[in-house]
Each structure stands twice: as structure tokens, then as C-alpha cells.
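Protein chains in written order, with the numbering used here: chain C, 1 to 484; chain Z, 1 to 100.
Please note that the accuracy of each hint is not assured.
What the hints assert, rightly or not - Here are some of the chain Z residues that sit facing chain C, going by a computed Cβ distance under 7 Å: (1) A16; (2) L18; (3) Q19; (4) Q23; (5) L32; (6) D33; (7) H55; (8) P62; (9) A68; (10) S70; (11) G71; (12) I72; (13) A77; (14) V90; (15) V91.
What the hints assert, rightly or not - Stretch-level coverage of chain C by chain Z, calculated; a stretch enters the list once three of its residues show a Cβ under 8 Å from a Cβ in chain Z: (16) 93-103; (17) 190-196; (18) 295-307; (19) 315-327; (20) 348-357.
The set of hints was computed from the structure by calculation and includes no laboratory data.
Think of the CB as a built atom: it goes at the ideal place given N, C-alpha and C, for glycine as much as any other residue.
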Amino acid sequence: METLEAQRVGLDAGDVSSRELVTRAVARARELADRLNAVVGLREEAACAEAAEADERHVRGQLRSPLDGIPLVLKDNMVQCGEPTTCASRILENFVSPYDSTVVERLRSAGAVIIGRANMDEFAMGSSTEHSIFGPSRNPWDTDRTCGGSSGGPAVAVAAGITPFALGSDTGGSIRQPASFTGVVGMKPTYGRVSRWGLVAFASSLDQIGPFAHSVRECAWILREIAGHDRRDSTSLPFPVPDFAEALTGDVSGLTIGLPREYFVEQGADPEVLALVRAGVAELESAGAKVVEISLPHTGYVVATYYLVATAEASSNLARYDGARYGRRASGVTNLEQMYRRSRSEGFGAEVKRRILLGTYVLSAGYFDAYYRKAQQVRTLVRGDFERAFEECDVIATPTCPEVAFEIGAKTDDPVSMYLGDIYTVSANLAGLPGISLPCGLVRGMPVGMQMLGRAMDENTLLRAADAFQRRTDHHARRPPEFS
Amino acid sequence: MSRITREDVERTAALARLQLREQEIEAMTRDLDRILDHADLLQQLETEGIEPTAHAIPLPTPTREDRACSGIDPELALRNAPERQGSAFVVPKVIEGQES
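Isolated chain Z, as found in the complex (with noise of 0.2 Å):
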């Protein structure tokens, strides 16, 4: 039996904000089913006890001197906004209710 389904990948889509096309989805069920079926070789390693490496090279955490200083441009930011109004970046209406 399979481990991945299509309810999983659907599922994972959804939290991945990603919409697949059926055959999308075929293929994902398929390839993520092959990908975690090698990845289940790490379930042979006894791992009780062991820490988890997020970094290969642990260094404290710098600090810096919590500082004003300038940031981009707001023009020059605003060069790759798909569609901007003034100063900001629009996007869809977020909060349903009122027209205004």
C-alpha cells in the first residue's frame, strides 16, 4: 500500500497555498510516495537521546545595538510591486463587509 494518497498531497497543497491540476496531482502522489519510501531508511537508526543539528556550525546568536537606521527606498521597493497605489502595495480586498 501506498503511504502517500491523494487526500495528502491535496491536503499538503493546500497548507503549501498551491493549486494542482489533476495531473499535478498523479504525479506528486506518485514521486512524494517514492521520495518517502527512501527516506524511511532513517527509521533503521536507533536516534534516542541525540540531538537535532539545525546548524552545522553552531555560533551564538549576534546582537546588534537596536538602532534606527535607513532601509530601501520605498520608490525603489515599490518598482516590483505587481500593482501599487501611491506609497503602498495593493492586493485584494482582505477584510470582507462594508463597501466603501
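Chain C extracted, bound-state conformation (with noise of 0.2 Å):
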């Protein structure tokens, strides 16, 4: 019973309370806590409170939402009111949240269980769940392998059946990829769709919240839940919240899928890895979609447009840790000046410090116009290449990474071939669109994701596509053979 759809079931048949299902993920969590490292922080108490007025509910039929007395873990850089949040750094080790993110007030809305936090490259940057205080998160498939990032723990957690369902955050790709790492479906919303208020900012114009779960129906009641405008947050989209399940009608006739001719060179991505996502195009072919060749000209200087846009906001946003309201603050310092040096050196970890070095250096006096204003304006062009694209197409297939989860410690050194991994994920951010990461199969025993790209404030056709390939196959339905 680890899918949320099965709890779901189980709890409207009266087979399992919410407490029972609570119980048994702060276990599971603690079980795989030595082994994976997932779950970094547990409100065992709180949560089992909430689960007993689940339960209540159910006895005097007053079901909230799916997601009713259903268990999940938060990502470490979502504030709940009274509860630390960490974001995985030394320099938040010891916060406690003043106030509950809208997500979190949601998801309380919602009925559903918040069991703890999951763990996280710092501050959300990175791509393998290794720049972590508490250390990396390990993949269930392979435990020498990285679970991907910077929302590995989320990922891991639902792989490993500690949760059913988890939310993340996706900046340049930190919930597709470690979905596609892990086996797990995993979904970055359009841009403003889910309040970021509450969120810890890393890169204001690319940070979107989204689920983590087994399947695409499950991904489209987690978001009618999470997402809609929200006063607190200037760019949330003042648009009503479709109910996304109701797309899901399992037709793709009339549906063209576009194939990105720069995303299938076998240069850099592993063979079979494209040969699985080309299979998995051609069961929504032979369902009825037509499939065109597409291009997005400009994918060559994705990555580097990504790092310089990301850096530059996330050593604007990171200014604010300066060890004088909360956070940590360095010992013995006799000056202001001194206090913000030695709190922010001691606090951040060394690919924070790498990111804000490279940001502040792309923003002062000389360098601004050669890097950052240039990174903006070929961002307009990545986004020209996908409205151009979009008129030839409904959604866009591609591999989620190149390749399978590497091994931990492989890319530590290598900060340009680490951030090359995020080639196909980071232009769904910079153009502001929907994408989600299914998986498709599995390359010598690894999980392998199809990433699938829709127009912006369109996450019903993108789900349409993507809840229709999961009708007419059962990768999702693989689990960890360790771990299930």
C-alpha cells in the first residue's frame, strides 16, 4: 500500500486509519535512516496528531481533499511554522520558522500529514544531494550512486516507499532529475503556478515548487492542491487552478509530441538512454499521437545561460544571511563587518561560496554587460526557440539527464561537468514552462526518465501526454528490488 492512490483507497475502505500509515513512514524512515538518509528531520508527535483528526474526519465523512490523512515529507527549504528548516546548511542549523510557507498552510487544507523534512543539497544547489550538513542521500537502486538533486531526499523517500508523496523544489532541474534518477515521477509546474512564498529563495526568476509521487493521476490532485494565486508572492500567476485530473482521459489522438533533433545527438548522453526515450515516444505513437522532429537552436548555451541567470539571483538572495536576525552568527567578532565575514564563511558550504562568488563576479562593475546582461538576453532567445517550437507541437519529448545516476563522490571535483548534466532540464526554467520526468525503463539496472515539456499554463496537456504513456506501460510500477 505505498501508493498514494492505494492509501487513498485503503483509507476510503476503511482498511488502514491515517495513523496507521503515519506510524508506519516515521518507521520506514527511521528504518532506512543509516542506508539512505532521506529524512533528516521528523515531527513524529505532530504529525500523528494530525493524523488522529484525519481519522476523525473519515469517521463523519468529511474528506478534505485526496491527499486526507496521507503521509509525505517536505523538502528542507519550506518553512512550517515552529519547525526548523535548514536547507541542509550550517548557517540555518538552528533555525526555527516563524511562520508556516503557503504550501505548508495548503497542504494543511489539503488533510494531508507532514511526517518531516527531506534532505537536500544546500540551499538547493547542486545536482547530487552530496553538499548536504547531513551528508548525502543514497540511491535505493544502487546505494554507491548519487539519488540526484538538489531535492534527492524528497525523491528517495517516495522511491523507497517511506512516503507516498513528497514535494521538492526545481530551479534548473532539482525535482525531474532526481525523480528520473530514483524511478519516480516528479514535477516542475509553470513558473508561478505554486506560491513561493515560504520557499528559501536560491534563484527568485527560476525556483518553482512541485510533487514528487508514483504517478502522473497522483502528481495532478498534489498540484490542484499546492497551486493558485497567492497575494504574498508578486509572481504568482492570478489564474484559476484547473482541476488537472479531469484532463487525464488517456487519449493522445490528435496530439503532436516534438522531438528536439539537438537533444538525440549521441554526443555526451548515454545511447541507451535515448534509444529507451525513443521507445517510450513510440507507445504514444502508436496510441495515436503524431511525432514531429522539432529544434531548439540555442540548447548548446543552455547550461551556461542557467548558471550565470541562477548565480547572479542566488548571490543577491544569499546577501540576507548576515548572522545579525537569525541564522548563525561566528563567535567572538568585534565588528559588523567582521561578524558578516566570518558568520557567512563559516555558515555556507563550498559550492554555496563557489555560486556566490560566481554571481557577485557576474554582477560587478565591468563584467555585468559580458556575462549577465548577455545570459538574459540569450535567455530571450532559448524562450523564442520554444514558442517557434510550440507551434509545431503540443508537448516536447526528451531524456530527462543524459545518462544514469552516477556514483557518489564521481563529480565532486568537476563543478562544469556536474552542472553539463543539467543540459536538458534547465531551459524548462529559464523559459518559465511545465515539465515532468516519468520513468521509462531502466539502463543496467538504473532508472531511466523521460522528461515531457508543455506550454506555459498548460499542465493539462502536459499531463494528458504523460498519464497517457503510463496507461500503456508499467515503469512506474518497478521498485527498488532492495527497497520495496
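Could you fit the two chains together into a complex? Lean on the hints.
Rendered as C-alpha cells:
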């Protein structure tokens, strides 16, 4: 009973209580802590009390949503009032939030039960969940390999059956890439669809919260609950939220799927990964979809563009960690300047410092035009690529990542090689588009993700195509042998 | 020749209020150089006259009525203070001169 849908059915039938589901999830998180390190903080007592309330609602027939009574974990960068939020950083080690994020408010009104916080790369900067004060999370398909990142903990929690769903955040692929590496579904909605209020900022023009689960249908349920306009986030989309699950008709006839030719060159990508994605697309073609080749001519430039824009925004966002009002303050400081420098230097890890420095450099006098402004202009060209592509197709299908999960430690000394792994995912953030990663098979025993991208604000078409794929295949039913 | 020197890293670290150890300066000099070397790809593109994108989904800046409302309870906000005195955050002395 490990999927959200199965738990829903079990709760509705009275076969299981929310208390039991929550107790079981907490026990499994503890049992797997040493081997996988997915969950970094539990709120057992509060979760059990909330589960008991959900059970009472069940008795009274007052179900709040399909998520009512179901346990989940949150990436440790979304604040909950009275609970720690660390961003896996020393600088926020002792931070306890004085308020709730919008997603937490909405999850509570939907009746979902947050059992704890999941591991991540520090401040969501990384693609492997290795840059964390809690140590790396591990991939349940092969514990010597990374689970991807930065939302590695939430992905592993779902993949290893700790909780049936989780929330992560995606700035350049941080939901889709770990979903791909761990064999689960991970979705990044359109920029602005889900409020960022209470999500610790990394790169504000790119950050977006989204769900992990085993099926597209479950993601549609979750998105329905967490999406919607929020006055507290000025970039939140002021549009009504459709009932995403209603769009899942299973019908893809008349739908055109575009394959970007630049993504399928076997240069730097594992040919077996490309073959599985092609097979996945062929599945949709046999179901009645039309497949066309499209071109995204600026693909070779997206990683550079992304890392300039994202680090510039990060250097500005992370300026707030000054040791004055919250977060770590270095001890024995005698003046303000020293307090800033020592608190920040002791509090941030190497990857965060690297990105703050890069961002500060590209924003500094003399380099702004050559790097930052240039990247913003290329961002316009990347958006244009997608506008033209979506004149020829409704959904774009690609690999989520060029390869399967790599070994822990394999890329820690080579940031550029780590960054280049994001080539297929960063564009959706640069262009603000919704994207989803779906399991589409195994290569040498490791999961492969197929990514689908849709038009901005049109999650419905994207989810319909992705759900149609899952109705015809059972890749998403596969579980890591040692953790099933 | 490297485009990034250790002086660049030291100057940038000072702007970012970071204090790097000797080892970190060396590693950051090497890493930033490699990253910017890759970023130089963008110089191949002609971007004259192209509008920069700050936000992918352009929305007009929303406005609201300027009305007073309550914020976070000060006691709650101060709970994370590294050092506090009454209802104030304590920081090292900012203004030089007179002893109090």
C-alpha cells in the first residue's frame, strides 16, 4: 500500500487509518536512515495528532481532498511554523520558522500530514544531494550512486516507499533529475503556478515547487491542492487552477509530440538512455499521437545561460544571511564587517560559496554586460526557441538526463561536468515552462526518466500525454529490489 | 592565460562578504576560471538589440492598497536572534567614537 492512490483507496475503504499510515512512514524513515539518509528531521508527535484528526474526519465523512490523511515529506527548504528549516546548511542549522509557507498552509487545509523534512543539496545548489550538512542521500537502486539533486531526499523518500508523495523545488531540474535517477514521477509546474512564499529563495526567477509521486494522476491531485494565486508572492500567477485530474482522458490522438533534434545527438548522452526515450515516444505514437522533429537551436548555450542567471540571483538572495537577525553568527566577533564575513564563511559550504562568488563576479562592475546581461539576452533567445517549437507541437519529449545516476563522489571535483548534466532540464526554468519526468525503463539496472515539456499554463495537455504513457506502460510500477 | 586571477577571487570575495582560506582561494580561482571558460560560449551569439529576459512569464507588477496590517509577532521574530536585548537584535558596535 505504498502509492498515494493505494493509500487513498485503503483509507476510503476503512482498511487502514491515517494513524497507521503515518506511524508506518515514520518507522520506515527511521529504519532506512542509515542506508539512504533521505529524511533529516521527523515531527512524529505532531504528525500523529494530525493523522488522528484526519481519521475523525473520515468517520464523519468530511474528506478534505484526495490527500486527506496521507503522509508526506517536504524538502528542507519550505518553512513550517515552529519547525526547523535548515536548507541543509550550517548557517540555518538552528533556525526555527516563525511562519508557515503557502504550500504548508495548503497541504494542511487539504488534510495531508507532513511527517518530516527531507535532505537536499545546501540551498538547493547541486545535482547530487552530496552537498548537505547531513551527508549524502543514497540511491535505493544502488546505494553507491547518488539520488540526484537538489531534491534528492524527497525523491528517495518516495522511491523507497517511506511516504507515497513529497514536495521538492526545481530551479534548474532539481525535481525532475532526482525523479529520473530514482525511478519516480517528478513535476515542475509553470513558473508562478505554486506560490514561493515560504520557500527559501535560491534563484527567484527560476524557483518553482512541485510534487514527487509514483503516477501522473497522483501528481495532478497534489498540484491541484498546492497551486493557485497567492498575494504574498508577486510572481504568483493570478489565474484559476483547473482540475488537472479531469484532463487525464488517456486520449492522445490528435496530439503532436516534438522531439528536439539537438537533444538526440549521441554526443555526451548515453545511447541506451536515448533509445529508451525513443521507445517511450513510440508508445505514444502507437496510441495515436503524431511525432515530429523540432529544433531548439540554442540548446548548446542553455547551461551557461542558466548558471550565470541562477548564480547572479543566488548571490543577491543569499546576501540576507548576515548573522544579524537569524541564522548562524560567528562567535567572538568585534565589529559588524567581521560578523558578516565570519558568519557567512563558517556557515556556507563550498558549492554555495562557489556560486555566490560566481554570481557576485558576473554582477560586478565591468563584467555585468559581458556575462549577466548577455545571459539574460540569450534567455530571450531560448524562450523564442520554445515559442517556435510549440507552433509545431503540443508537448516536447526528451531524456530528463543524459545518463543514469552517477557514483557518489564522481563529480564533486569537477563542477562544470556536474553542471552539464543539467542540459535537458534548465531550459524549462529559463522559459518558465511546466515539465515532468516519468520512469521509462532501466539501463544496467538503473532508472531512466523521460521528460515531457508543455506550454506555459498548459499543465493539462502535459499531464494528459504523460498519463497516457503510464496507462500503456508499467515502468512506474518498478521498485528498487532491495527497498521494495 | 587564465581569465580569473587570485586577485579577482579576493576582490569578489570581499564584495560578497566571504573570507576565504588560502586553500579555498586556490580552488575557487581554478573553478571560476573553468566555469567562465564554459560561459564564454555565449560570446559566439550575436545579441545586439535583443531584450534581456528577467522573468520568463511577464506579468504586470501587482499592486495592493497601502493599508496597515499586523506582521509577525516580535517575540516570535526574535526567537531566532543570535543575540538579543529586550525587543532588539544585538550586533557589534557600528558607530565608532564615544563610549557609552
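Each hint tested on the structure:
1. The closest approach between the C-beta of Z/A16 and any C-beta of chain C is roughly 4 Å, which is under the 7 Å cut-off, so the hint is satisfied.
2. Hint status for Z/L18: holds, given a least beta-carbon distance of 5 Å to chain C, under 7 Å.
3. Interface restraint check: Z/Q19 against chain C, minimum CB-CB distance 4 Å, threshold 7 Å, status holds.
4. Hint status for Z/Q23: violated, given a least beta-carbon distance of 10 Å to chain C, over 7 Å.
5. Interface hint at Z/L32: satisfied, since its Cβ lies 6 Å from the closest Cβ of chain C, which is below the 7 Å cut-off.
6. Interface restraint check for Z/D33: the shortest CB-CB distance to chain C comes to about 10 Å, outside 7 Å, so the restraint is violated.
7. The restraint placing Z/H55 at the interface with chain C holds, with a minimum CB-CB distance near 5 Å, inside the 7 Å limit.
8. For Z/P62, the shortest C-beta to C-beta distance to chain C is roughly 5 Å, which falls under 7 Å, so the interface hint holds.
9. The beta carbon of Z/A68 is not positioned within 7 Å of any beta carbon in chain C (closest approach about 16 Å), and the interface hint is therefore violated.
10. For Z/S70, the interface hint is violated, the least distance from its beta-carbon to any beta-carbon of chain C being 12 Å, above 7 Å.
11. Given the 7 Å rule on beta carbons, the hint for Z/G71 is violated: about 10 Å separates it from the nearest Cβ of chain C.
12. Because the closest C-beta pair between Z/I72 and chain C is about 5 Å apart, less than 7 Å, the hint holds.
13. Checking Z/A77 against chain C: minimum C-beta separation of about 6 Å stays under 7 Å; hint holds.
14. Hint status for Z/V90: violated, given a least beta-carbon distance of 9 Å to chain C, over 7 Å.
15. Among the interface hints, the one on Z/V91 holds; its C-beta lies about 5 Å from the nearest C-beta in chain C, closer than the 7 Å criterion.
16. For a cut-off of 8 Å, the count of residues in the segment 93-103 of chain C with a CB near a CB of chain Z stands at 5, and the three-residue condition holds.
17. Under the rule that three or more residues need a Cβ within less than 8 Å of chain Z, the assignment of the segment 190-196 of chain C holds, with 3 such residues.
18. Here the segment 295-307 of chain C counts 7 residues with a CB under 8 Å from a CB of chain Z, which clears the bar of 3, and the coverage holds.
19. Only residues whose C-beta sits within less than 8 Å of a C-beta in chain Z count toward coverage, and the segment 315-327 of chain C has 8 of them, enough to reach three; the restraint holds.
20. Coverage of the segment 348-357 of chain C by chain Z holds [criterion: at least 3 residues with CB-CB distance below 8 Å; count 6].
When held up to the earlier numbered hints, the structure conflicts with 4, 6, 9, 10, 11, 14 and fits the remainder.
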